[in-house]
Amino acid sequence: MKKVIVGMGTCGMSAGAQGIYDELEKIQNSAPAGFALGRTGCINMCFREPLVEVRDEKSRTIYGGVTPELARKIVESHVYAGQPLSEHVAVVIDNDGGISGEEAGFHSLQTRIVLRNCGKIDPEDIAEYISESGYSALRKSLFEMTPSEIIDEVKASGLRGRGGAGFPTGLKWSFAAANKGDVKYVVCNADEGDPGAFMDRSVLESDPHSVIEGMIICGKAIGASQGYIYCRAEYPLAIRRLNIAIDAARESGYLGRNILDSGFDFDIKIKQGAGAFVCGEETALFASIEGQRGMPRIRPPFPAEKGLWRKPTNNNNVETYANIPWIIRIGASAYASYGTGKSRGTKVFALAGKVARGGLAEVPMGTIIHDIVFKVGGGIRDGRSFKAVQMGGPSGGCIPASLDNTPVDFESIPATGAIMGSGGLIVLDDTSCMVEMARFFLEFTQNESCGKCTFCRIGTLRMLEILKRITTGYGEPGDIEKLVDLGRQIKEASLCGLGQSAPNPVLSTIRFFRDEYEAHIRDKRCPAASCQAMVDFVIDPDKCTGCAICAKNCPVDCIHGELKKAHTIDISACAKCGKCVTVCNFDAVYKK
Amino acid sequence: MEAQTVKLKINGIDVECEAGRTILEVVRERNLDDIPTLCHSPELEPYGSCFLCVVEVKGRWNLLPSCATRVAEGMEVATRNERIESSRRTALELLLSNHYADCVSPCSEGCPAHVDCQGYLALAAMGQYGRAIELIRENNPLPAICGRVCVRKCELTCRREDVDEAVGINAVKRFVSDTPGIYDKAPECAPETGKTVGIVGSGPAGLTAAWFLGRLGHKPVIYEAQEKAGGMLRYGIPEYRLPDAVIDKEVDYICRAGAEIRYGKRIGSDVSIDELMDVHDAVFMATGAWTGKPMGVEGESEVEGVVQGTDWLREKAINPKPVSGTIVVVGGGNTAMDVSRTAWRLGAEKVIVLYRRTKDEMPADKIEIRDCFEEGIELLELAAPVGLIAPGGKLEAIRCLRMKLGEPDLSGRRRPVPIEDSEFNLPCRMAVSAIGQAPVLDGLTTIKGEKLEITRWNTIVVDKNTLATNIRGLYAGGDAADDGPAVVIDAIADGQRVAGAIHEYLTGEIAPKRSFIVTKEFWGKPENSELGKVKESPRHEVHMIDVSDRHGNFSEVASAFEYEDLAHECERCLSCGCVRYSDCDLRRYAEEYGVDMERFRGYVRKHRVDSRHPYIQYDPNKCVLCARCIRTCSMILPIAALGLVGRGFKTEMRPAMDDPLVETSCVSCGNCVDSCPTGALTIKYPFPGRASLKTEDIESHCGFCSLACKITVRKFNGNNRYFIGPSGIPGEYLCRYGRFGPELFIRKNRLRGAEVRTKGSRSVVTMEDAVSASVKGLKNVIEKYSPGRIGVFVSPELTNEEFFIAGKIAREGLGTNNIASLSVLGTGNKSGVLDASFGFTASTSDRSCLRDADLIVCSNTSLESDHLVLSVDVIRAVKSGAKLIVSNSTLDTTDQVLSALTMDPMRGRNAILWNGIMQLLIDEGWFNRELLLEVDASDDFLRDRDFNIKRTVELSGIDERVIRKAAEIIRDSNKVVFIHSLDRARDHAPADAETLANFVTLLRAKGVEADLLLPRLYSNSAGLEIMGIDPEFRPGKIAGSGGAAGSETHEDLIAKLENGEISGAILLGEDPMAWPKSGSWFRNIEFLVAMDWTESETTRIADVVLPGSTCLETEGTRCNFEGNLVKFERAIEPPSGLSGVDVLKLLAEKLGVEVPANITLEIDSLVSEKMRRVKPFYWNTGEKREFPERLRLVPIPADVRPVPIPPALTHGEIYKKEIRDVGTERFRVRNRQ
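Line order of the protein sequences matches chains A and B.
Residue numbering for the first sequence follows the working numbering, starting at 1 and increasing by one per position.
Residue numbering for the second sequence follows the working numbering, starting at 1 and increasing by one per position.
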């Protein structure tokens, strides 16, 4: 019997997956024997949401852009009549690995370790996880391995922390294991806060058990029996599914006292964060769990020595833990066979921005940026030209198109001034203003600074003021030097990663796009025609039909012209609201 | 474990130190550098927020906060280099870019000479005129002159303007400088340097330069062309504004600072400038601007009747010959006003001021304009002279042209535009041109062949900062230099500046730079809404003589301020300058690191100052978010009333939930204020006119409880101008009583002298008469009845000296043994309650025993409200692992946050509870029989005990599990300290202290270290028995009455009181009349003498009232709860001039009682004799603690139910309650009403 599966991660839900599921349920209720209905988490092709999969013995056919009506048609045509609606098929994945269909390119370079179950299993059903060899790594760790063997295996895999800093995970575990103490903690950082990043959310929503299993294995390795998942409250679906998963794991004996009769105890609590970005910093995260204001603490002592509640603690992020069961089950050498140099395995990226295909992509370390953008992402949207990628969110930087043969790994990316980060990858085209982008990220970090350190609290505001000045046409000679100088000092004299990396978006754009800054300051011009204050709206007389819709909509009445003749904009009166561009039906209004 | 050491290099120097220390600690300890920090405090854990303390560590890419970075083997540290200093400077610049505050008041910033106006207003308010004038002379040696003629830029910038009107600053200056005798004190000068400076001209610039140079030890010689000194002050400003005598007074004073004036010497003609340059080491040209500018009409220099304003004024200053006819004065400046008013006084029939714009545009001082037209002088505005009508060379009229106002010119004033064909004639006999002056530099422009650089306005070109001309050694200032004529205070500023520059030139000593300061004006004019609520209070103006009295004479128009005006204006001062100006760390570092405010000019957060707390003021504008207050409040103390709110740039320190501080858990201890490195948290002074003035610090001890914490009495030179600060020793704190209690001494109405009262009438008498009346009245009672009907009752808050004399007065002078403290009698406390247990009644150790304790038991002790400072020690112990058990009927924050076990037994059942716990341990055999026998061979202890668990649970209301838990904790402990407040009425129960003493005895017998601390609510409770304020003990705690009449025991005395058998009494600091029960004890009183520092219910009915002193106003000793004798000085003079000890001495003398000359010596020996026997108990003696055979178990009766406890009867307790109420619901309700 065919199975119809709806992608019901947050992305799918917001695109209308629930309506489709309800429709399918209705159909099924009227003809119960026809097909099996299921749900899964994020299928990762966010650009084609909502997604519906029709699964049979041979293959998985995934439809994109599904509406309730289309769902009905899919059932009628594909499920009942065996006639796939090929014009709506995004991709067909054969069980033998063959991939075809319109979006086959999206999957071409992907290797799915972290996302192995995402979009495949029902995240609310522990049996589906188990059927994909779930918890077998835990059994192996509990009954076949000593803690040091687990740590050695993780070390051998070459896995490095996927939260951004890339600290070798095995080494980190060994520190926490080495610290004596009757109470230790395993903490999972699920406070994914970078704008544009949603890797962790997808994993939690689509495959929560992989994270739980990873944490239990970690607990066994370092000698901890209590775990905390610090998840932001903005991820209600993730929290709900985590709770379901934890309860199910407890019921099945994977969590709690005497796990699987091994004598090992481990349990997990979920702590919801209130949405402070800085709580992604581990010491601030600990403070938050303890009920204090989320503010970073001085290190050392490092968490492995004194972490949560001043006890030895291991803290990794969601993606890192999700890798663990695979490594234990398949083996460190298999994992290490992916990647390059000191960066092993795969990395999940949240592909966003001006790319044609946005979504989650897991590629082996060392894949070059160009391939991610063009092969996986399908190039730039609307045929515009590729300008740069922004990596690492507010802590990261930009890599210009000229460096697009840079491989993504922990050595090459930082060499460009950007960082690997947790996996946000925003593609920029020629309409993206780099100064504006730097301003956006800096404003974010300024608002999210915990306010403790002088440089981060006030310094970033002063930088922001300069950027605002530049983007509104009031930049002064010397501003760039001021930004560089202050940016360097903020990095050098801040307590935590937030402050130490807050100037990165500015510094890296100055490094590669200094001419754009200079154009803003010297010529009062935004080369990307993006900074409203510095662009002029102009009507192309060849395209203008004189319909006067722009004149009617102009809030300051600065568009004049006779009916059926080309109109003009009085630049001196123009408020640069952009309304004319939006209303014009002939693309006659453009920015200069 | 031996401490590990590490070797590292700091600034290239090899350092070996203990591992685990921070770089900052090591650098400070070894004096390797002065690393700046704002957020670090040695008492607090490293925090790392200000990032001023950054250092470079080799191998690290970033800079590390030295306050938090631990030393490590092989580390190479640099604490100072360009990169580090640049980072520190940036940090300071960033902090200051959001520091919306005034370091100094805007008035002194507005004054060109930067006179500390706020400071002298404060001093004047205190009546410290001498100090006020000295403060003014630091910047301005002409206060009496400026007090009359200054244009008052200070008042133009005054913030009070936004409320009603500017403070009358200048009038205060005049008042102070006119105070008789104020010029008597000789100026203080540095030793002579042998250098001489020639000064040309004795105007304000020259005089000022001479003053400062003279004080620096140089010899100033002033060359004056005129016959008298003063320049334009004398010859340009008429007598009715500035009397010559005032000038003479100032000139004389400047000469006393070393200046010499040579009159009639015109440089350029009488003496050449070259000669001057040869004779002197430096020369300052302050020749002024003496030539009037011409009107620019044809013939003005030839026509008779046309004169120059300044020339004319000079002539009239020398020879005030009358004038007549109509006089037209051309111009709108001060000279025009002076000319007009002088002409009017000299008899001119009509004086017309001719001005080309309107009155509003006149550049003259507003008050001058007002006074001028008040005197009947006419104004012809919007007209300008264009010609003279002078047939035969004699002026008959001025040809004028009407004007109208056009567009504003560069000065911002509207430009006068001629109206065509509007000419008219203005008939007059004389025309005076008063439209401006220029210097005369004849013979002065070539010096030794070198050309002096001159501007196109014929003024001398000078360097703005040093006033140096292009010729080495020659300086110029005042009206003669740069932008020409200005006002007196500008000339004074020049004189001040040039003196510094010349001093630097002569000695090479760099003159101190002007301090770094921030003013709100940096971010634009402050809005009046920032001021918050200020009650409007109109300005008092200087009194003026009537216009009718001015005509025909040159009497001074403005008469002075009255004292009331002065007080009023001083009170109006808003005290804008920061009280932390002199010790603000942020300002100090900004100065040291050369901060540039402009670098990060940007958005600044503006906040209202929060003054809602009665003692503490919070100015968020000045907060640097170092969180020291927050951490002190939550980590040193467990209060946590403060916290951070918001994120990013908007992060702020705020009281919890952003409530007013007073409505949080704040206990008003003010320790947050001490922790603040800037002026964000300050205490509100209990008096007006606060300012950053020099203070005098006197060390003393707090007199509010028996902890006797060290305090600093910070005096602003006034007996009612002081506040209390901590000792300054790191780790020492104060509580609300110690810090803010003494404010009551200022706020309350004090008894200032002795009074004798008969029914319905009261009269102030001399101390002598009061003492005689007291003795007479008491003797009458003795004669009528017997000495046994007399009582002497003393508050436990008085000094040992007062106790000692009171005892002598009672026993030797009046022959009565009825001597006690009602506060002890009233609570039912016995004397020597622990004598049977320990052989003495005192703490068995000092507070240092808490340090090593692993269990602290608090019973009947509210650490937080009564002994906050002791709770700091308890908290420290708990943080290092000690357990805390609390048993009080109500629990405060400390109890709840820190204790391992809290028990809240029913009131008065503490003794039952602890006997129950003890019984459990006995029954379990932990305190076994052998042990009991070892301590007390008799069975007395066990015989009547009935504290089985069931009964204990029933009577105490405490759950059995909790009682068992307490016993378990005790069993596991090795060092136990009990804290028990003997005076606290709330949970007092009979035999509670004895019960704990039994515990100590048993624990010690078991080999467990155990101590009992007895903190007392009253500062000298511990001294009462030793000093013999007790019917059962004489001084030295010798038992027995010594033959005096009256009661022998507490019971006797209570019975006497209850029966109304006290007919005559002396009450010292006690207030039994405040409560009905104790009031009834004195229902048959026939003669009552009461001593107190303020009126009380008891003094109200007393026959003789003696003025007592507060704990700050008397020197002497008290016994603290640790059994130590605390000596303290008299910090403040008592208002009557006599302390309580002085008064009692007089009384004793009158009674013929001999008082030893040095009472304190006697007391010292009494106390040390007493304590010598106690000391072997102490841990901190370093000696091995024996198990003294004195330790005894005291049988505790089974029925130790509570008896009702009356309130404390000391007068001070009433005031303590007032302080205690701050922050409580009661306070909030009272304040809202």
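Calculated directly from the structure, the hints in this document are not laboratory data.
Watch out, some of these pointers could steer you wrong.
[Said to hold, decoys possible] Footprint (simulated), chain B over chain A, 3 or more residues, beta carbon under 8 Å:
#, stretch
1, 74-82
2, 373-379
3, 544-550
[What the hints assert, rightly or not] So these bits of chain A aren't anywhere near chain B, every CB distance computed over 10 Å:
#, residue
4, G256
5, P300
6, G451
7, G561
[As the list claims (entries may be wrong)] Okay, derived cross-link-like pairs now, DSS-like style, lysine-lysine, Cα gap no bigger than 25 Å in a straight line:
#, chain 1, residue 1, chain 2, residue 2
8, B, K293, B, K219
9, B, K883, A, K306
10, A, K180, B, K535
11, B, K535, B, K883
12, B, K879, B, K965
13, A, K306, B, K535
14, A, K579, A, K468
15, A, K269, A, K140
16, A, K468, B, K650
17, B, K9, A, K482
18, B, K219, A, K311
19, A, K306, A, K375
20, A, K468, B, K265
In this text, a Cβ means the ideal position worked out from N, Cα and C, and glycines have one as well.
Item checked: Index of numbered hints that the structure contradicts, given in increasing order -> 1, 2, 3, 5, 6, 8, 10, 11, 13, 17, 18, 19 and 20
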